[in-house]
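Novice: Sequence:
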Amino acid sequence: MALVRNPRFLNLKLSLPQASTTTLPCCFHIAATATASTTVTSCANNTFSASDLERINVLGSGNGGTVYKVSHKTTSETYALKKVKEDMDPTSRRQLLREIEILRLVDSPYIVKCQDIFEKPSGEVSILMEYMDRGTLESLRGEDVTEKQLALIARHVLKGINYLHELKIVHRDIKPANLLRNSKEEVKIADFGVSKIMVKSLDKCNSFAGTCAYMSPERINSEDAVDTEEDKSNVYAGDIWSFGLTMLEILVGYFPLLPKGQKPDWATLMCAVCFGEAPKAPEACSDDFKSFIDCCLRKKPSERWTASQLLSHPFLLRTA
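Position 120 of the sequence shown, counting from 1, maps to 169 under this note's numbering, and the rest follow consecutively.
By construction, these hints were calculated from the structure, which means they are not laboratory data. Keep in mind that a hint or two might mislead.
[What the hints assert, rightly or not] Restraint-style ranges between C-beta atoms, simulated for each label pair:
hint, residue 1, residue 2, range
1, 169, 195, 44 to 52 Å
2, 100, 358, 21 to 29 Å
3, 157, 363, 19 to 27 Å
4, 193, 158, 21 to 29 Å
5, 216, 136, 29 to 37 Å
6, 352, 332, 16 to 24 Å
7, 233, 138, 36 to 44 Å
8, 100, 310, 28 to 36 Å
9, 138, 169, 28 to 36 Å
10, 326, 358, 18 to 26 Å
[Said to hold, decoys possible] Result set (SDA-like, lysine to any residue): computed pairs, CA atoms no more than 20 Å apart in a straight line:
hint, residue 1, residue 2
11, 309, 191
12, 162, 146
13, 132, 146
Glycine included, C-beta positions come from ideal geometry on N, C-alpha and C.
Take the sequences, apply the hints, and build the full model.
Specialist: What follows is the structure, given as structure tokens:
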């Protein structure tokens, strides 16, 4: 639980995100749509057809659309089909284009695989993804997760984060709902809607994108949390903070920045992240796990360990 050092709510110089007024076409063609760095194309070699897929049931839905469990009529293989809403606002459409671009770039056993992308003339877009049959890590809340089990989960997620960072991709929304697992005990990263490809080494990545509860101090209040050039240049450290919170949440069974049972609101979260002490692992945990969490949840981004460094932490060596 975070303890607030200073109860004054300082000026964070941060406003809630506003919808963009930029006008984009209502319909776009994936194969011909260009982004800042590359052309977006399908993730696969058009080996699938939308008509070959049969819907089984709904896996989840949100503001961006609906995810279905589907089966290939010929092979009986199971997939997840993300159907994106047609009436997206310009900001959501840009996020979709960015997600498609990143899905086209990545190829890792620690990233949920994109099989293909379908577009209808109406502008409706569907993304065919690898099916992870155990759902998200949110399902582990309330479960009796051991440190050994958590170390295995952490190793998989860190390998995915390290892979993304080597490609200069910042995920910006690491949280239990965006980490999926399957019956093979594999854990993979999903949902790149607010991710960013760092085209230039001096690009900023402290924008208010993603889920605020898991945002690092420097992404919420950069002027207070970032005071050195090293801090300013460490654009990847925000993912490590989010990862550390996620691992701690899975172990304790509730969001670790707030008291158990307290429902978060925006102001409370901002105070906890910016003015509170970084959360710690419970006293009953091993010294290795306490150290591991501490290496992830340091307030200064330059003091957090990188994904590569964390993969060599003693806590994870038990899964090597």
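Novice: Now, for every hint given, state plainly whether the structure supports it.
Specialist: Hint by hint, here is what the structure shows:
1. 169 x 195: 44 to 52 Å: holds (46 Å)
2. 100 x 358: 21 to 29 Å: violated (48 Å)
3. 157 x 363: 19 to 27 Å: holds (25 Å)
4. 193 x 158: 21 to 29 Å: holds (27 Å)
5. 216 x 136: 29 to 37 Å: holds (32 Å)
6. 352 x 332: 16 to 24 Å: For residue 332 against residue 352, whose Cβ atoms are near 23 Å apart, the range 16 to 24 Å holds.
7. 233 x 138: 36 to 44 Å: Because 38 Å falls inside the window, the suggested range holds.
8. 100 x 310: 28 to 36 Å: This hint is violated: roughly 48 Å between Cβ atoms.
9. 138 x 169: 28 to 36 Å: violated (19 Å)
10. 326 x 358: 18 to 26 Å: Given about 23 Å between the Cβ atoms, the range holds.
11. 309 x 191: The hint holds at about 12 Å.
12. 162 x 146: holds (17 Å)
13. 132 x 146: It holds: about 14 Å lies between the C-alpha atoms, which stays within 20 Å.
In the structure shown, a violation is registered for the earlier hints numbered 2, 8 and 9, in ascending order.
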